[in-house]
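Asker: What follows is the residue order along each chain.
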Amino acid sequence: MQNRIEELKRSFVTSLGAAGSAESLEALRVEYLGKKGYVAELMKGLKDASDKKAAGQLINEFKTEVEDSIAKATEELRAAQIAAKIRGAKKYNPTLRAEAEFGSYHPITLATREVEEIFVSMGFTIENYFEIVDDYKCFEALNIPKHHPARDMQDTYYLDNGQLLKTHTSAAQNAIMKKYGAPLRAIFPGRCFRNESTDACHENTFFQMEGMMIDENISISNLIYFMKTMLSEVFKRDVKVRLRPGFFPFVEPGFELDINCEICGGEGCPSCKNSGWLELCPCGMIHPNVLREGGIDTEKYTGFAFGLGLTRLAMMKYGVKDIRDFNSGNLKALSQFKSI
Amino acid sequence: MFLSMNWIGDFVDLSGLDRKALIRNFTLSTAEVEDIIEKGCDISGVVVAKILSVENHPESKKLHLLKVDKGDEVVDIVCGAPNVREGMKVALATVGGRVGEITIAPRKLAGYTSYGMCCSEAELGISDDNSGIWEITDDIALGTDIKTVYDIDDIIFEVDNKSLTNRPDLWSHYGMAREFATLTQRELKCPALLDTKQFDSLPPVAIDVKATDLVYRYSAIKVENITRKISPVNMRIRLFYCGSRAINFLADLTNYVMMELGQPMHAFDNAKVDKIEVQTFPKGLKFTTLDGVERNIDDKMLMITSGDVPVAIAGVMGGDASKIEDDTTSLLLESATFDGVSVRKTTTRLGLRTDASQRYEKMLDPELCRTATERLLSLLEQYDKGATVISAFTDAYVNRYPEITLTFDKKYVDRYTGIEISNETIVRTLTSLGFAVTACGDDFTVVVPSWRATKDVTIKADIIEEITRIYGYDNFEIFTSSSPLLPVRKEVIKSDEDRMKDILVKSYRMHEVHSYIWSDSKKNDELGIKTPENVKVINAQTPDHSYLRVSMIPTLLAFVKENKAYGDSFSIFEIGHTVEGLKENGECNEVNKLGVVLYSRGESEESVFLRARDAVAELAADILHKNIEFASSECDYDFEHPVNSFDIRIDGKKVGFISTLHPTVLENIDKKCAVAVFEISTQLFADVAVANTKYSEPSKFPAIDIDITFTADVGAIVFDELVSCAKNAAGELLSDVKMKDIYTADGSSAVTFRFSFVSSERTLTKQELTPATEAICKALEPLGLTLKA
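The listed protein sequences derive, respectively, from chains A and B.
The numbering of the first sequence is the numbering used here, which starts it at 45 and goes up by one.
The numbering of the second sequence is the numbering used here, which starts it at 2 and goes up by one.
Don't read these hints as lab results, they were simulated from the structure.
Among these hints, one or two may not hold up.
If you want the ones that stay clear, here's a sample from chain A, every Cβ over 12 Å from chain B, calculated [said to hold, decoys possible]: (1) Ser55; (2) Asp112; (3) Ala117; (4) Lys222; (5) Asn239; (6) Ser265; (7) Pro289; (8) Ser315; (9) Glu343; (10) Lys376.
Computed list of lysine-lysine pairs in DSS-like fashion (alpha-carbon distance at most 30 Å, straight line) [stated by the list, open to error]: (11) A/Lys190 to B/Lys565; (12) B/Lys672 to A/Lys317; (13) B/Lys412 to A/Lys222; (14) A/Lys272 to B/Lys21; (15) A/Lys382 to B/Lys507; (16) B/Lys502 to A/Lys365; (17) B/Lys21 to A/Lys190; (18) B/Lys301 to A/Lys376; (19) B/Lys562 to A/Lys382; (20) A/Lys190 to B/Lys163; (21) A/Lys365 to B/Lys412; (22) B/Lys728 to B/Lys741; (23) B/Lys163 to A/Lys376; (24) B/Lys654 to B/Lys491; (25) A/Lys382 to B/Lys346; (26) A/Lys376 to B/Lys524; (27) B/Lys672 to A/Lys376; (28) B/Lys284 to A/Lys190; (29) B/Lys523 to A/Lys280; (30) B/Lys523 to A/Lys284; (31) B/Lys562 to A/Lys272; (32) B/Lys491 to A/Lys223; (33) A/Lys272 to B/Lys491; (34) A/Lys344 to B/Lys411; (35) B/Lys562 to A/Lys280; (36) B/Lys728 to A/Lys361; (37) A/Lys223 to B/Lys728; (38) B/Lys346 to A/Lys190; (39) B/Lys284 to A/Lys382; (40) A/Lys344 to B/Lys584.
Idealized CB from N, CA, C, for every residue including glycine.
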């Protein structure tokens, strides 16, 4: 028995040395460990052995040796194959690629979304409104008297059915007040139209964002707070704001809101016309006549409103020098705006 | 508007205060200051001197050699001015002094040394007269520094006119002085006036206001024996610093009073105008204004006439024929208040705006008429002692503004401001601004001063502005509101439009563009698209932009054409407003739409079309969880392809269309390209109810897929119809139908569909499905699908 095992051991080592593939290793395994293999044959001969215990032990040792050797050889073979695969691998080049076309948002969409997000986080509803309104919505409901210069033909586009293209987002105030009543906090972005000739700084079609907040004790102090908070978020810095008296018929008191110029830090530079401040958004406490027209009890409620020039904001934010680029449809300009 | 701090200083003592800082703060409390200009800081060492002798320079035709007495010494001066004269008093810039950029030092001119410089008015910055040196006519000791007698040093500030539109009272130095007095809590002084009551016994001026609806007040007075021709130096300097030019004494005087008090005045030559009518002319007329321009006067323009001969356009400009000439010695002085709207309309129609009309437009206080007259007479008395009033102050006060009284309480102020402003501050501020305040505990009653009561302050909210702007917005403590937080609503159409943008940009790599609400008929013509008649802009900048757009597509097609150089393949879209004619009530039927154009060179038209189809289907699937139905239809627009135009329907309702382009339009864009378009009404889309997600438990048993190939006219297949037919025929085991493949050869086409069967109870076998597949084939035959052999 012992001799037979020794003999098998020698022949196994020889065969293992010759086995160079997974298939030959498997054949070797079957030859030795299979049902009809040498180990099984040895086990069969065990019953004739004199010292069964010692013989059994020898067979087991041999079996383990064969198993381990085959496992080890299999592992080595696989490692060699992987190494060969790595050696032969093709090297890719991430720096070379055919230009893939990405989509783009209009910069006004991006600016609008950014401001909307800020106001939604402060509990403001977003409202949608018409671009074509009547004289009542655009002027009368906003306390703009019949003879006001804003109503002149040179500023407003009038339509042949008697309606007009809204000159400001404030034209939606009345409808929104009537829709929700008080309390109310809403923003309403929209496209506005002014009959003026276009140049790098002027467009006849542009976007504004109007906002209103109406409740029982809305104050000038609240107005400053919300404007400062919103603008700090938009410009991603702690902006300083200042209010100046400004006259708009639909607010009383009315203000021009300035923010400190970031470019010069308030020292004065060409961007801020040496004042250290940038005029950004007209605002004010909603005029009682406007609230009344909107069906809101002026003895109980007060409110503020503001108008933000979205087009102007987008120009500032992205450094767009010519306002006409926005409506040009020129993809070389517009395709640059991927996301916020 | 330019304002002089010296002038304001006539009415409020600002000594000891930083005047420039006050001006800067003015922006925060009253009106926007655009510029601050310091005058006179570049003038020093200029004294009154006298030319003792004049000799011509031996070699120069222009230069003169002067001996000039500068009080303490006689110096040699070389001077090139043409008007030098022996005995003339001049402003001499002495050695060591400064005039503008020039520092004065002994300087050799053509061989002679000059120890100073005789200055022109322009060199000193007090007028634009540079024709010769300034002759000083006032009686001043030689050697006197001119700055001690003339107001050359001043701080001028410019206020944005637009920020004064609602403040007629601020179009004057006196009105501005009132603001400064309030801001500094100092006293406001009255200007010197000449009481006109003393002339009541003199004969009145004949005044007949016929157009009483356009006039508040017309007052006049006559003065004669005016001899002075040139205004005092300080008056001229102030006028010049504030942007006006000295003309002659009388004209300057009316300008001066207008700038000081805000009341435009007009001086007629009394020899030519001795009575007044105020009227309009139903037939219009031609009239030459004092600038020499002949103007067309229409029936709405208010005119001043004398014996029905027009002499002035009321509130705008006087006439050439009746203007003051250098030899005028008697005048009829107008001080009137015309209706602001009427004046504005007149100036707009004439294209003529003047300092007077600008002020009238703001609705002037009629109470000013008399004050201004009395101020002018006081100045006249001071500067032209012989002048004599020869009429009563005659006053046609035909319309009055009502007196406005407002009541409010402290609580009202607190509610508006959100901060604490004391009763004492409220009373002090309003009183200082001219309001008559009665305070009773926390209750206030105020009478609005006449100069604020023409339109500016009419309700109690206006009072809030007065209190807060003087308090200073920079001094406000700021607080968030105590309003309860409520859920944020967002309109469905708005969120749908936002999601459409996301899908088209992110999944379909499209570019969002913006255009205009009107059609561009010129660009449409180039594309071969007829611009649909629609609601029209009546004052469009060009006739090409008159009609409002019905569809977004034509503009997008023009954009595509303009962007051909951008790439071989790109897609653009716009979400915006269009107008589909009028509604029954006559208002525009405004419809929000999404317009999409896909463009490609090198891709088949069918493939581009199918990409467009995929995009539409994804919008509905993603946003509404619904399928789109496409149905062949008549074209809505002439740019659509007559064969490949389809309605886009959801729940059986049309929400838009998808199409390829009419070959004519396509070729006008590009001969070798493929284009597909679709347009959806985002409003109709948003009106569709979103389908709830219904969960169905997946079967634990495997599905069996059976592919069946049919010969068919592929273009005629309506897939949804096919699916419902198959489901009816096969029963509930048929779980899904998919199109697998289309194969076209030799003029006939074959299409393969995969029918998936599954049971929730057991594993199906192919054999048991044979009856079902046979039933399907039979059911599909009437639809034109024949089982392929």
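Asker: Each hint should be assessed against the structure and marked as holding or not.
Answerer: Each hint tested on the structure:
Consistency note on A/Ser55: stated as away from chain B, and its beta-carbon is indeed over 12 Å from all of that chain's, at 50 Å minimum. Every beta carbon of chain B lies more than 12 Å from that of A/Asp112, the smallest distance being close to 43 Å; the non-interface claim holds. The claim that A/Ala117 lies off the interface holds: its Cβ sits roughly 41 Å from the closest Cβ of chain B, which is beyond the 12 Å cut-off. No beta-carbon of chain B comes within 12 Å of the beta-carbon of A/Lys222; the shortest separation is about 15 Å.
With a least beta-carbon separation of about 6 Å from chain B, A/Asn239 fails to lie farther than 12 Å from that chain, contradicting its non-interface assignment. The claim that A/Ser265 lies off the interface is violated: its Cβ sits roughly 3 Å from the closest Cβ of chain B, which falls inside the 12 Å cut-off. Non-interface call for A/Pro289 relative to chain B: violated, since the shortest CB-CB distance, roughly 5 Å, does not exceed 12 Å. Distance check for A/Ser315 against chain B: the nearest CB is about 16 Å away, which clears 12 Å, and the non-interface claim stands.
Listed as a non-interface residue, A/Glu343 fails to keep its Cβ farther than 12 Å from every Cβ of chain B; the least gap is roughly 9 Å. With a closest Cβ-Cβ approach of about 6 Å to chain B, A/Lys376 is found to fall inside the 12 Å limit, against its non-interface label. With a C-alpha separation of about 48 Å, the suggested pairing of A/Lys190 with B/Lys565 is violated against the 30 Å cut-off. Between B/Lys672 and A/Lys317, the direct Cα distance comes to roughly 52 Å. Violation of the 30 Å bound is thereby established for this hinted pair.
For the hint linking B/Lys412 to A/Lys222, the alpha-carbon distance of about 27 Å falls within 30 Å, and the restraint holds. For the proposed pair A/Lys272 and B/Lys21, the alpha carbon gap of about 28 Å is at most 30 Å, so the pair holds. For the given pair, A/Lys382 sits about 9 Å from B/Lys507 by alpha-carbon distance, which is consistent with the 30 Å threshold. For the hint linking B/Lys502 to A/Lys365, the alpha-carbon distance of about 25 Å falls within 30 Å, and the restraint holds.
In summary, the hint linking B/Lys21 to A/Lys190 is not supported, as the alpha carbons are separated by about 40 Å, beyond the 30 Å threshold. Note on B/Lys301 and A/Lys376: the hinted pairing is violated, with a Cα-Cα distance of about 53 Å set against a maximum of 30 Å. Our distance criterion of 30 Å between C-alpha atoms is met by B/Lys562 and A/Lys382, whose separation comes to about 23 Å. The hinted pair formed by A/Lys190 and B/Lys163 meets the criterion: a straight-line CA distance of about 19 Å does not exceed 30 Å.
About 48 Å separates the Cα atoms of A/Lys365 and B/Lys412, which puts this hinted pair outside 30 Å; it is violated. Distance hint between B/Lys728 and B/Lys741 is fulfilled; the C-alpha atoms sit about 18 Å from each other, no more than 30 Å. Between B/Lys163 and A/Lys376 the CA atoms are separated by roughly 38 Å; this puts the pair beyond 30 Å, and the hint is violated. About 25 Å separates the Cα atoms of B/Lys654 and B/Lys491, which keeps this hinted pair within 30 Å; it holds.
Among the hinted pairs, A/Lys382 with B/Lys346 is inconsistent with the structure: their alpha-carbon atoms are about 49 Å apart, more than 30 Å. Of the pairs offered as hints, the one joining A/Lys376 and B/Lys524 holds, with about 20 Å between alpha carbons and a cut-off of 30 Å not exceeded. As the CA atoms of B/Lys672 and A/Lys376 are separated by approximately 23 Å, the hinted pair is consistent with the 30 Å bound. Distance restraint check for B/Lys284 and A/Lys190: the Cα-Cα separation of roughly 26 Å lies within the 30 Å cut-off, and the hinted pair is therefore satisfied.
A distance of roughly 44 Å separates the Cα atoms of B/Lys523 and A/Lys280; the hinted pair therefore is violated under the 30 Å criterion. For the given pair, B/Lys523 sits about 48 Å from A/Lys284 by alpha-carbon distance, which is inconsistent with the 30 Å threshold. With a CA separation close to 44 Å, the supplied pair B/Lys562 and A/Lys272 exceeds the 30 Å bound. At most 30 Å may separate the alpha-carbon atoms for a hinted pair to count; B/Lys491 and A/Lys223 meet this at roughly 14 Å.
Straight-line distance between C-alpha atoms of A/Lys272 and B/Lys491 comes to about 24 Å, which keeps the hinted pair within the 30 Å bound. For the hint linking A/Lys344 to B/Lys411, the alpha-carbon distance of about 15 Å falls within 30 Å, and the restraint holds. Simply put, B/Lys562 and A/Lys280 have alpha-carbon atoms about 39 Å apart, too far for the 30 Å limit, and the pair is violated. Straight-line distance between C-alpha atoms of B/Lys728 and A/Lys361 comes to about 56 Å, which puts the hinted pair past the 30 Å bound.
The hinted pair formed by A/Lys223 and B/Lys728 fails the criterion: a straight-line CA distance of about 47 Å is larger than 30 Å. A C-alpha spacing of about 13 Å is found between B/Lys346 and A/Lys190, which places the hinted pair at or below 30 Å, so the restraint holds. The hinted pair formed by B/Lys284 and A/Lys382 fails the criterion: a straight-line CA distance of about 63 Å is larger than 30 Å. Annotation: proposed proximity of A/Lys344 to B/Lys584 is violated, straight-line Cα distance about 38 Å (limit 30 Å).
Hints 5, 6, 7, 9, 10, 11, 12, 17, 18, 21, 23, 25, 29, 30, 31, 35, 36, 37, 39 and 40, counting from the list given before, are not met by this structure.
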